[in-house]
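My numbering puts the first residue of the sequence shown at 635, with every later residue one more than the last.
Hints are computed from structural coordinates only; laboratory data are not their basis. Any given hint might turn out to be false.
[As the list claims (entries may be wrong)] Each computed BS3-like pair below joins lysine-lysine, with the alpha-carbon atoms no more than 25 Å apart: (1) 719 - 638; (2) 696 - 722; (3) 722 - 638; (4) 773 - 719; (5) 644 - 712; (6) 719 - 709; (7) 773 - 709; (8) 712 - 696.
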Amino acid sequence: SGNKVNFQGKVVIIGGGNVAIDCARVAIRCGASEVSLTCLESRQEMPAFPWEIDRAEEEGVKIYPSLAPQQIIGKDGKVSGLNFKRVKAIEFDTEGRIRPVLVDGEGMTMEADSVIVAIGQRADLSFLEGARGLEMTSKGSIQVDPETLGTNIPGVFAGGDIIGVATVVDAIAAGK
Numbered sequence: 635s636g637n638k639v640n641f642q643g644k645v646v647i648i649g650g651g652n653v654a655i656d657c658a659r660v661a662i663r664c665g666a667s668e669v670s671l672t673c674l675e676s677r678q679e680m681p682a683f684p685w686e687i688d689r690a691e692e693e694g695v696k697i698y699p700s701l702a703p704q705q706i707i708g709k710d711g712k713v714s715g716l717n718f719k720r721v722k723a724i725e726f727d728t729e730g731r732i733r734p735v736l737v738d739g740e741g742m743t744m745e746a747d748s749v750i751v752a753i754g755q756r757a758d759l760s761f762l763e764g765a766r767g768l769e770m771t772s773k774g775s776i777q778v779d780p781e782t783l784g785t786n787i788p789g790v791f792a793g794g795d796i797i798g799v800a801t802v803v804d805a806i807a808a809g810k
């Protein structure tokens with residue numbers, strides 16, 4: 635839109651993917667004094683590319699893995715912090731939605747002047763309603779052969795975010 639964005643104070647990002655990492659790096663560049671990225675996943679399970687995480691840390695982003703946000707705290711009509719609980723494990727329901735298993739009684743509070751939520755990106759699979767026999771993964775994406783990108787249905791192929799986390803370049807390569 636052409637509007638300049640300036641962050642002041644502490645910014646907390648919720649999310650562990652590449653978009654969350656991008657948000658954190660932009661917040662640093664837009665003046666935040668401190669940027670913390672929190673996610674449900676462990677550091678090893680974060681969906682962001684490892685080199686993106688490393689670059690964010692080099693720019694000053696603090697990574698706090700295995701935390702589930704519970705409540706945004708406000709004071710005088712503004713954000714003042716967040717409450718988190720520690721995540722013991724991540725499970726998925728039958729529809730591929732994430733269901734964190736929390737550690738009883740273990741949590742923390744983090745101060746924040748701004749909160750950016752960068753979670754929940756997923757492919758729209760509504761066009762598949764009525765597709766018979768197409769195999770899906772436990773995470774709700776289409777199951778493909780990693781070499782051919784073929785599905786279990788002859789002549790049907792899939793690529794990009796519909797088969798898992800991918801970049802635009804991955805999607806273009808899959809289309810080719």
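Okay, the hints, checked on the actual structure:
no.: 1; hint: 719 - 638; in the structure: violated (34 Å)
no.: 2; hint: 696 - 722; in the structure: holds (20 Å)
no.: 3; hint: 722 - 638; in the structure: violated (40 Å)
no.: 4; hint: 773 - 719; in the structure: holds (23 Å)
no.: 5; hint: 644 - 712; in the structure: holds (13 Å)
no.: 6; hint: 719 - 709; in the structure: holds (21 Å)
no.: 7; hint: 773 - 709; in the structure: violated (38 Å)
no.: 8; hint: 712 - 696; in the structure: holds (23 Å)
The structure does not agree with the numbered hints 1, 3, 7 stated previously, though it agrees with the rest.
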